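Quick note, the sequences are listed as chains S and P, same order. When we follow my numbering, the leftmost residue of the first sequence carries the number 1, and every step to the right adds one. When we follow my numbering, the leftmost residue of the second sequence carries the number 1, and every step to the right adds one.
Check the hints yourself; a few may be wrong.
One copy or two, it doesn't matter: identical chains are merged, so the pair holds either way.
The list that follows gives simulated cross-link-like pairs (lysine to aspartate or glutamate, EDC-like), each with its CA atoms no further than 20 Å apart [to be verified]: (1) Lys195 <-> Asp31; (2) Lys195 <-> Asp274; (3) Lys195 <-> Glu217; (4) Lys356 <-> Glu98.
Hint data in this document are derived by calculation from the structure and do not stem from the laboratory. Remember, predicted model here, so these are calculated numbers, not experimental data.
There are 2 protein chains.
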Amino acid sequence: MSRASSSMRQLAESVRATCRALATATTETKDAALAAIAQAIRADAASILAANAEDLAEARAAGRPEAFLDRLALTADRIEAMAASVDAVRALPDPVGEVTERWKRPNGLEIARMRLPLGVILMIYEARPNVTSDAAALALKSGNAVILRGGREALRSNSAIARALRMGLISAGLPGEAVTLVTDVAHASLGELLKLEGLIDLCIPRGGQGLVQFVHEHARIPVVEHAEGVCHVYVHADADLSQAEAIAVNAKTSRPGVCNAAECLLVDRELAADFLPRVGRALTARGVELRACPISLPILERAGVPAIPASTDDFGREFLSLTMAVRVVPDLDGAIDHIARFGSEHTEAIVTRDRKAQSRFVREVAASAVVVNASTRFNDGGELGLGAEIGISTSRMHAFGPMGLRELTSQKYVVHGTGQVR
Amino acid sequence: MSRASSSMRQLAESVRATCRALATATTETKDAALAAIAQAIRADAASILAANAEDLAEARAAGRPEAFLDRLALTADRIEAMAASVDAVRALPDPVGEVTERWKRPNGLEIARMRLPLGVILMIYEARPNVTSDAAALALKSGNAVILRGGREALRSNSAIARALRMGLISAGLPGEAVTLVTDVAHASLGELLKLEGLIDLCIPRGGQGLVQFVHEHARIPVVEHAEGVCHVYVHADADLSQAEAIAVNAKTSRPGVCNAAECLLVDRELAADFLPRVGRALTARGVELRACPISLPILERAGVPAIPASTDDFGREFLSLTMAVRVVPDLDGAIDHIARFGSEHTEAIVTRDRKAQSRFVREVAASAVVVNASTRFNDGGELGLGAEIGISTSRMHAFGPMGLRELTSQKYVVHGTGQVR
Chain S
1 MSRASSSMRQ LAESVRATCR ALATATTETK DAALAAIAQA IRADAASILA
51 ANAEDLAEAR AAGRPEAFLD RLALTADRIE AMAASVDAVR ALPDPVGEVT
101 ERWKRPNGLE IARMRLPLGV ILMIYEARPN VTSDAAALAL KSGNAVILRG
151 GREALRSNSA IARALRMGLI SAGLPGEAVT LVTDVAHASL GELLKLEGLI
201 DLCIPRGGQG LVQFVHEHAR IPVVEHAEGV CHVYVHADAD LSQAEAIAVN
251 AKTSRPGVCN AAECLLVDRE LAADFLPRVG RALTARGVEL RACPISLPIL
301 ERAGVPAIPA STDDFGREFL SLTMAVRVVP DLDGAIDHIA RFGSEHTEAI
351 VTRDRKAQSR FVREVAASAV VVNASTRFND GGELGLGAEI GISTSRMHAF
401 GPMGLRELTS QKYVVHGTGQ VR
Chain P
1 MSRASSSMRQ LAESVRATCR ALATATTETK DAALAAIAQA IRADAASILA
51 ANAEDLAEAR AAGRPEAFLD RLALTADRIE AMAASVDAVR ALPDPVGEVT
101 ERWKRPNGLE IARMRLPLGV ILMIYEARPN VTSDAAALAL KSGNAVILRG
151 GREALRSNSA IARALRMGLI SAGLPGEAVT LVTDVAHASL GELLKLEGLI
201 DLCIPRGGQG LVQFVHEHAR IPVVEHAEGV CHVYVHADAD LSQAEAIAVN
251 AKTSRPGVCN AAECLLVDRE LAADFLPRVG RALTARGVEL RACPISLPIL
301 ERAGVPAIPA STDDFGREFL SLTMAVRVVP DLDGAIDHIA RFGSEHTEAI
351 VTRDRKAQSR FVREVAASAV VVNASTRFND GGELGLGAEI GISTSRMHAF
401 GPMGLRELTS QKYVVHGTGQ VR
């Protein structure tokens with residue numbers, strides 16, 4: 001354990017030593033490294049696939065479920081997609097050095113704010129090997145060094161990918177240690193990494209609740225919070241009902257297992273009798289189980305829509321499946337109250353043509369994304385136009401919502417004077 | 001201890017319960033509360049002074065040093081200054097609801113980013129009673145609830161000020177608990193507060209290294225880091241020497257005990273022989289003790305300027321006094337290297353007329369403020385034009401440098417659609 005500790009510290013120190021080189025690398029150098037990385041991933045496809053085949057065989061022998069094996073599995077297409085993602089990150093604007101604001105002081109000082117990298121990022125993830133190249137590309141483009149700590153089941157695959165990453169860095173004249181894969185995947189080593197204050201600036205965990213919980217409990221370094229997504233679609237009295245139906249169906253059924261899927265439908269009392277039967281039919285036709293509040297249940301039943309009574313636990317619950325809670329609320333205030341009480345500040349949507357209701361909902365609902373007349377599923381880095389996403393933050397510190405390149409930077413004040421003193 | 005624990009939790013819960021009211025309060029309501037607070041502070045001046053006199057008598061009897069008593073002491077003028085600060089915060093623009101960016105997606109979705117409050121802020125401070133009203137005003141204007149935990153020696157003064165704060169809130173129709181002073185000033189209670197994840201969103205410690213260290217060790221909630229300020233003034237080969245002299249003298253001597261004072265002077269080899277004697281004379285004339293590197297020492301000595309040899313410890317040291325390390329560096333790269341190794345990422349200044357050197361220094365030096373041709377002393381919320389400052393962050397997470405109203409907010413994504421689904 002003390003041996004793991006000292007080797008993790010050594011590893012982090014060797015990554016930290018590359019920070020200045022990364023932070024001051026020009027856009028051209030970083031882009032050359034990204035181009036070389038994409039090329040190396042394509043060139044190494046055969047050895048990456050061979051390593052992945054070994055990982056897969058072991059995971060299959062260990063009786064891992066199909067869904068797990070699917071996340072772990074690479075194919076020629078998936079490797080090409082990894083390389084294409086690196087190319088896509090290369091095409092994004094370099095955030096480092098970007099001046100976000102300028103102003104002048106009465107004494108003539110010119111003040112600006114300029115983006116700089118965070119430093120060293122620790123990325124912790126599970127089975128998907130593509131996170132290895134995705135995270136490395138985002139870190140590199142934003143001038144950060146990165147420690148990659150993937151799941152033990154993907155170690156051979158990740159190591160093969162990491163070789164391509166390293167080759168790309170070196171060929172562009174950047175230090176290979178700027179992207180370092182942790183090959184000691186013991187829990188104790190992860191625990192040590194999480195305590196390396198001063199060497200690691202930010203930890204981004206991507207994975208199930210078990211991983212997130214472990215990281216949260218052991219970390220002494222800043223961690224991006226990623227809590228569950230309990231998202232609502234609220235259909236206001238002045239909604240376009242066909243739009244509301246399409247949004248509710250999409251938010252619930254397009255991918256029920258993800259965090260921006262809706263878990264609960266809130267319907268304004270005024271249109272409950274009109275809207276509940278049609279949306280209920282549309283949802284149940286796609287296999288959704290409805291858990292209805294005491295007001296909505298009889299309306300659904302009278303219309304012949306199958307539904308069961310919601311327990312109080314069903315509100316505020318992340319089903320991650322084709323299950324949806326349904327509740328009738330008296331009005332906009334009732335919806336906002338319900339969301340404040342049961343939501344998880346992830347994604348909240350309103351469907352309405354009423355401008356005042358839109359604006360109150362946008363102002364008063366606290367969530368990383370507040371959506372008007374569209375599906376909750378758009379709360380995603382790619383869909384919002386960030387280009388790529390390294391994670392999503394459900395706390396308000398540093399970043400709130402999907403994190404792209406800019407969220408991997410901080411800002412410094414730049415002061416230009418002509419000899420001013422105080 | 002378990003009793004303290006439960007009462008701190010109760011206290012934090014009662015503050016948290018006010019979050020929505022604060023977050024959704026209009027600018028008019030918040031400004032009315034701030035106006036009422038300023039008025040109440042003025043109206044209560046006599047009782048605040050009486051409470052402060054008791055605190056002072058006790059502190060004096062306990063043998064507290066003069067500097068401590070001076071920080072603790074209130075006068076009619078200082079109380080007026082407190083009220084005026086509240087008025088000044090009222091006059092600042094409301095950050096909540098501010099839209100910082102907008103863009104449109106190919107599918108027609110309109111994306112914006114809008115500021116929202118952080119939630120509940122825990123402010124921990126020591127002797128100065130004015131922090132009570134300053135922090136409350138900044139929190140209130142930015143829509144945050146705040147828990148104020150001042151030093152035990154200022155408890156009577158703080159309680160008297162807190163009564164004025166509460167009256168102001170209530171008179172504007174806001175919940176009085178939104179600004180709550182902790183009257184249980186036991187260390188154990190502070191420890192409990194620092195563990196209230198989910199109830200407190202951010203802790204801002206303002207005080208000496210003992211306090212900062214205690215908070216850092218015990219906190220399970222996010223904390224604004226405030227490390228020491230080891231700031232440099234680098235005089236480049238192309239500097240205007242009289243400007244450089246004035247900046248070095250101001251950065252060192254205008255207030256040597258603060259974190260944005262300079263601790264080390266770096267002088268380009270090219271102008272060491274010309275510049276060191278004059279700047280050395282100017283500094284020593286103001287009582288500065290120079291600790292000089294092996295190259296600068298003989299130059300100073302030959303010019304009759306008193307100096308002692310610097311030990312290696314003297315570089316990277318925060319003297320907080322009229323002591324300054326002096327080092328000759330070969331060139332811009334040498335200066336940047338020295339700063340990267342010995343600086344604390346607080347404030348770094350260069351004096352030069354050379355645009356290229358300015359731009360490289362600005363890009364390559366990592367510090368919360370990088371200053372060109374002006375004193376390091378300008379790294380301060382008021383001087384930078386933030387209007388007011390609740391603290392200064394020396395880490396890059398969330399905020400880097402002085403924190404004003406905006407740094408007490410986060411940003412949410414706001415998505416406007418016309419029925420888009422995925």
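Checked hints:
{"no.": "1", "hint": "Lys195 <-> Asp31", "result": "neither (32 Å within a copy, 43 Å between copies)"}
{"no.": "2", "hint": "Lys195 <-> Asp274", "result": "neither (56 Å within a copy, 49 Å between copies)"}
{"no.": "3", "hint": "Lys195 <-> Glu217", "result": "both (11 Å within a copy, 12 Å between copies)"}
{"no.": "4", "hint": "Lys356 <-> Glu98", "result": "between (36 Å within a copy, 17 Å between copies)"}
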